[in-house]
Amino acid sequence: MTEIVARDAAQAAAATGVPTRPSRSWTEIGSEIGDRIYSWSITGFAAFVPILLLLIFLAVGLAAWPALRTFGFSFLTSSDWDPVAGHFGAAPAIYGTIVSSLLALLIATPLALGVAVFLSEFAPPWLRQPVAFGVDMLAAVPSVIYGLWGIFVLIPFLREFLMPFLRDTLHLGVLPLFNGPAYGSSMLAAGLILAIMCLPYISAVTREVLLAVPRSQREAAVGLGATRWEVIRDAVIPYARSGIIGGIILGLGRALGETMAVTMLIGNRHEISASLFAPGYTMASLIANEFSEATGDLHLSALMAVGFVLLLVTFLVNAIARWLVWQTAKER
Amino acid sequence: MATAQTTWGGAPSGRQRAVAERTQRSIRRRRVRSHIMIGLMYAAAVIAILPLLLIVIHLLRMGASSLNLAFFTQTQRPPGEAGGGMANAIVGTLILIAIASAVGLPVGIGAGLYLAEKRATLLATTVRFLADVLNGLPSIVMGIFAWSLLVKPVKHFSALAGGMALGAMMIPMVTRTTEEMVRLVPISLREAALALGYSRWRTSLSIVLRTALGGIVTGALVAMARIAGETAPLLFTALGNQFWSTSLRAPIAALPLQIYNYAISPYDEWHTQAWAAAVVLVGIVLVISLAARVATRRRYGAGD
Amino acid sequence: MSPHDDATAPATDRSGPAASGAPAIRIAVDDLNAYFGQVHAVRHVTVALPDSHVTAIIGPSGCGKSTFLRCLNRMHETIPNARATGKVLLDGHDIYAVSPVAVRRQIGMVFQRPTPFPTMSIRENVAAGLVVGDRRSNRKQQHEIVERALKRAALWDEVKDRLKTSATGLSGGQQQRLCIARALATDPEVLLLDEPTASLDPISTQKVEELIYELRTEVTVVIVTHNMQQAARVSDQTAFFLGGELIEVAPTETMFTSPSDERTESYITGRFG
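Protein chains in written order, with the working numbering: chain A, 78 to 409; chain B, -10 to 293; chain C, 159 to 431.
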């Protein structure tokens, strides 16, 4: 990084004809060696990160290959998951992942945006910290605890109150979305718990980008006579739009990969159903549920193939999300 | 704008009055809408923190009563028998955290130092991006990754495999928090050390790293708290163990694994134990997270 | 208090280094150029800095005086994309021909803002420079060195009872004197000061100026300052920089009463900068 012309010290000293002091003491050599070791070490540690990612893709991909090769594209489209017969179609799991995640986003996004706007724009100072803490701590609760609470609190609530309410009292049961027996363990339960789990991520990112909106934007809108809500809707949010979208996609990434809470609440059935009340599967919960008792190599490979699809999808979603958030950061 | 006025004075005409009234009504409508939306935001805030409150309250109600000394000192009883504890799971979790930290902390701190010092190199930009992406990968993928590398070849489950899976998850977390903390150290400190004749490595370690250490430790603790609650990576690596085991080569019990197994079991006594374990686990995680938040705020000033 | 009204000052020749040859030259700079990437910040500077004298460097903001100073202890090159060419001879040895770490152990520097190491106590801060290089000493020696340095920096009396407390508990002026003590503890041959009193209150400024004046008999001091009165107060020789070039260097009294270059005169009389 420097281009200092370095000449041999002895040579220079000889040229000036002055008695030399030792040109390189041990401590100087030591510091140069130390610098080089340090530099190599931290570079090595840093390089470990992309290597780790590569290893993950390789290991999972290689283990998935037998199944993918055997079933080809039908792996993604077939609903026939029959370990005994050796057929493996992951469509129900893929369907379930998509549905539960979309449901989660549908519920979580307006709430997360609302909380984020609340916290960044007009929460009274004494409320701001506790509420922010409460929302952020949602991300710290382990997935299995959500599952535990879900089994013993949420599912009974759904089974005994909410599902009958939606289906019968509100007569939404005429829609395929809300009919069927109310077991409790269902896509709806999974969607709800996922909504709670991805809310803090969307909220945190949104809060950050909202706070970065320059004050001048707000002031300009107020000066034009906008109401408080209009300032937010027309001046602040559009400015932060790509960051907010990034946050939503980040939340999606989390929802796609959530395992424990989902596997405890979704019923674990290889079934594609139009009803939210029906049990189902997600890719993550499928792996969690069947891996330990997998019968045979093909079964294992099929599960690894599901894992590979999940890896690919979440990698892409997270990459897009991060890229979007980076873009807003750069624009500031 | 209260009443319309013609520019040269005089009473407003009928038409001007109509325009004024329409504007007034529109303003009122917009104000009402504003109040409604803001009310909805308050509602959103309430709904958002409701789950946390519900869960914590329920945990305390169901679990606190089952917490006793036996919980911390004994291992599980067969189904149907009340009592017993999760001492092996608590110890197991601690061992797993230790293994994970042995891998995750050096790599994470080293990578974080690299990112903070060589900010814009190609490797730095790549690592920063990939670390963020890694942070979002499903933990079950980490589990099957560790399984394929550390369990399948040797055909047995082990605490080591579980610890490694958790360690791999720690790396991107620690990397980012370390980078942030080291970046906060002002350049002037680095220059002061260099001007004293410190070599670069000594400056980085004895001055910069030492100054940032508090924040780095906080970040490390938060990462440890996060992985302490992870279950999925352990499902097919550490597997879980009903008995006392501290061997690295054998399956080992862990709190979240135990909670999972007990929760899906049909036995009521085990359900009670699951709640008790949940209280312990959530307690640890929340306490560490809260402490980290307070420590960071105190050190670097408020700024939510 | 300035060199000019001290009747008992040693009879050194103040008419410039080259003339009578009486003061030895500590640092000889020969055609020094410094760059930030493509920006040519210091242009073809040649100057001699005499031993046991205080040389002040003045000039408007952005004239390259700080950059020049940082070339003297090879701190300039620690900035990415920064480089320097030319010769800087310390006692006849070109500092650009040896390791920068060695150079910086012989030349001390104090920066504009006080930079005590926050995780260290006062004593540890002062001794911070002692742990490197050939200066490893035992505990007792270290304590003595620390005490001596703090006394030279006129800070000993104020902190002698709390050497183990954190350095961040000191006031700004005290912290800056602590940094000076830290630089002095390594017994440097040359001390570089980059606007050392810029962020200090008047009383601390006065203490630091007194300190500089007393130090000159033991250490060669080069001080960059944007405050001309300060230059007039503490220095023996002054150099005026403008646009990266050295316009004029002269004994301080001459510089401020009858400068030879009209640009110097404009600056000194306040017409710009």
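No wet-lab data here; the hints were simulated from the structure.
For glycine and all other residues, C-beta sits at the position ideal for the given N, C-alpha and C.
One should not assume that every hint holds.
[Stated by the list, open to error] Only pairs whose alpha carbons sit at most 20 Å apart, straight line, appear in this in silico EDC-like list of lysine to aspartate or glutamate:
#1 Lys141(B) to Glu370(A)
#2 Lys318(C) to Glu347(C)
#3 Lys144(B) to Glu367(A)
#4 Lys322(C) to Glu353(C)
#5 Lys107(B) to Glu109(A)
#6 Lys144(B) to Asp121(B)
#7 Lys144(B) to Glu237(A)
#8 Lys309(C) to Glu372(C)
#9 Lys365(C) to Glu403(C)
#10 Lys407(A) to Asp121(B)
#11 Lys309(C) to Asp319(C)
#12 Lys365(C) to Glu376(C)
#13 Lys144(B) to Glu285(A)
#14 Lys107(B) to Glu347(C)
#15 Lys407(A) to Glu307(A)
#16 Lys322(C) to Glu347(C)
#17 Lys407(A) to Asp257(B)
#18 Lys141(B) to Asp374(A)
#19 Lys309(C) to Glu376(C)
#20 Lys107(B) to Asp112(A)
#21 Lys365(C) to Glu406(C)
#22 Lys309(C) to Glu347(C)
#23 Lys318(C) to Glu282(C)
#24 Lys141(B) to Glu285(A)
#25 Lys245(C) to Glu403(C)
#26 Lys245(C) to Glu235(C)
[What the hints assert, rightly or not] Chain B is nowhere near these chain C residues, computed Cβ spacing over 10 Å in every case:
#27 Ile183
#28 Asn231
#29 Arg271
#30 Thr344
#31 Asp359
#32 Leu369
#33 Glu411
#34 Asp419
[Unchecked claim] To give a feel for the contact side, a few chain A residues facing chain B, derived at Cβ under 7 Å:
#35 Pro127
#36 Val194
#37 Leu225
#38 Gly330
Structure-based check of each hint:
1. Of the pairs offered as hints, the one joining Lys141(B) and Glu370(A) holds, with about 14 Å between alpha carbons and a cut-off of 20 Å not exceeded.
2. Annotation: proposed proximity of Lys318(C) to Glu347(C) is violated, straight-line Cα distance about 26 Å (limit 20 Å).
3. For the proposed pair Lys144(B) and Glu367(A), the alpha carbon gap of about 18 Å is at most 20 Å, so the pair holds.
4. With a C-alpha separation of about 29 Å, the suggested pairing of Lys322(C) with Glu353(C) is violated against the 20 Å cut-off.
5. Among the hinted pairs, Lys107(B) with Glu109(A) is consistent with the structure: their alpha-carbon atoms are about 18 Å apart, no more than 20 Å.
6. For the hint linking Lys144(B) to Asp121(B), the alpha-carbon distance of about 32 Å lies beyond 20 Å, and the restraint is violated.
7. Of the supplied pair hints, the one linking Lys144(B) and Glu237(A) is violated, its CA atoms being roughly 45 Å apart against a limit of 20 Å.
8. For the proposed pair Lys309(C) and Glu372(C), the alpha carbon gap of about 12 Å is at most 20 Å, so the pair holds.
9. Of the supplied pair hints, the one linking Lys365(C) and Glu403(C) is violated, its CA atoms being roughly 31 Å apart against a limit of 20 Å.
10. The suggested pairing of Lys407(A) with Asp121(B) holds, with an alpha-carbon distance near 16 Å, which does not exceed 20 Å.
11. Pair hint Lys309(C) plus Asp319(C) holds up; C-alpha atoms about 13 Å apart against a cutoff of 20 Å.
12. Pair hint Lys365(C) plus Glu376(C) holds up; C-alpha atoms about 18 Å apart against a cutoff of 20 Å.
13. Proposed proximity of Lys144(B) and Glu285(A) is contradicted: the alpha carbons are some 47 Å apart, above 20 Å.
14. Distance hint between Lys107(B) and Glu347(C) is unfulfilled; the C-alpha atoms sit about 33 Å from each other, more than 20 Å.
15. Our distance criterion of 20 Å between C-alpha atoms is broken by Lys407(A) and Glu307(A), whose separation comes to about 26 Å.
16. Taking the CA atoms of Lys322(C) and Glu347(C), the gap is about 28 Å. The hint is violated against a cut of 20 Å.
17. Between the alpha carbons of Lys407(A) and Asp257(B) the distance comes to roughly 54 Å, so the proposed pair goes past 20 Å and is violated.
18. At roughly 11 Å between alpha-carbon atoms, Lys141(B) and Asp374(A) fall within 20 Å of each other, so this suggested pair holds.
19. Taken as a hint, the Lys309(C) and Glu376(C) pair is honoured in the structure, with Cα atoms around 14 Å apart against an allowance of 20 Å.
20. The straight-line distance between the Cα atoms of Lys107(B) and Asp112(A) is roughly 14 Å, inside the 20 Å bound, and the hint therefore holds.
21. Annotation: proposed proximity of Lys365(C) to Glu406(C) is violated, straight-line Cα distance about 29 Å (limit 20 Å).
22. Between Lys309(C) and Glu347(C) the alpha-carbon distance is near 18 Å, which keeps this suggested pair within the 20 Å criterion.
23. Between Lys318(C) and Glu282(C) the alpha-carbon distance is near 13 Å, which keeps this suggested pair within the 20 Å criterion.
24. For the given pair, Lys141(B) sits about 43 Å from Glu285(A) by alpha-carbon distance, which is inconsistent with the 20 Å threshold.
25. In summary, the hint linking Lys245(C) to Glu403(C) is supported, as the alpha carbons are separated by about 16 Å, within the 20 Å threshold.
26. Among the hinted pairs, Lys245(C) with Glu235(C) is consistent with the structure: their alpha-carbon atoms are about 14 Å apart, no more than 20 Å.
27. With a least beta-carbon separation of about 23 Å from chain B, Ile183(C) lies farther than 10 Å from that chain, consistent with its non-interface assignment.
28. Under the 10 Å C-beta cut-off, the non-interface status given to Asn231(C) relative to chain B is violated; the minimum distance is some 6 Å.
29. Chain B draws Arg271(C) into its interface by the beta-carbon criterion, the shortest separation being 6 Å against a cut-off of 10 Å.
30. For Thr344(C), the shortest C-beta to C-beta distance to chain B comes to about 7 Å, within the 10 Å cut-off, and the non-interface label is violated.
31. For Asp359(C), the non-interface assignment is confirmed: its Cβ lies about 20 Å from the closest Cβ of chain B, beyond the 10 Å cut-off.
32. Every Cβ of chain B is farther than 10 Å from the Cβ of Leu369(C); the closest lies at roughly 18 Å, confirming the non-interface assignment.
33. Taking the minimum C-beta to C-beta distance to chain B, about 31 Å, the non-interface status of Glu411(C) holds against the 10 Å cut.
34. No beta-carbon of chain B comes within 10 Å of the beta-carbon of Asp419(C); the shortest separation is about 32 Å.
35. A distance limit of 7 Å between C-beta atoms decides the matter here; for Pro127(A) the minimum to chain B is near 5 Å, and the interface restraint holds.
36. For the restraint placing Val194(A) at the interface with chain B, the shortest Cβ-Cβ distance is roughly 6 Å, inside the 7 Å limit, so the hint holds.
37. With its C-beta approaching chain B no nearer than about 5 Å, Leu225(A) sits inside the 7 Å limit, and its interface hint holds.
38. Nearest Cβ of chain B to the Cβ of Gly330(A): about 5 Å, under the 7 Å cut. The hint holds.
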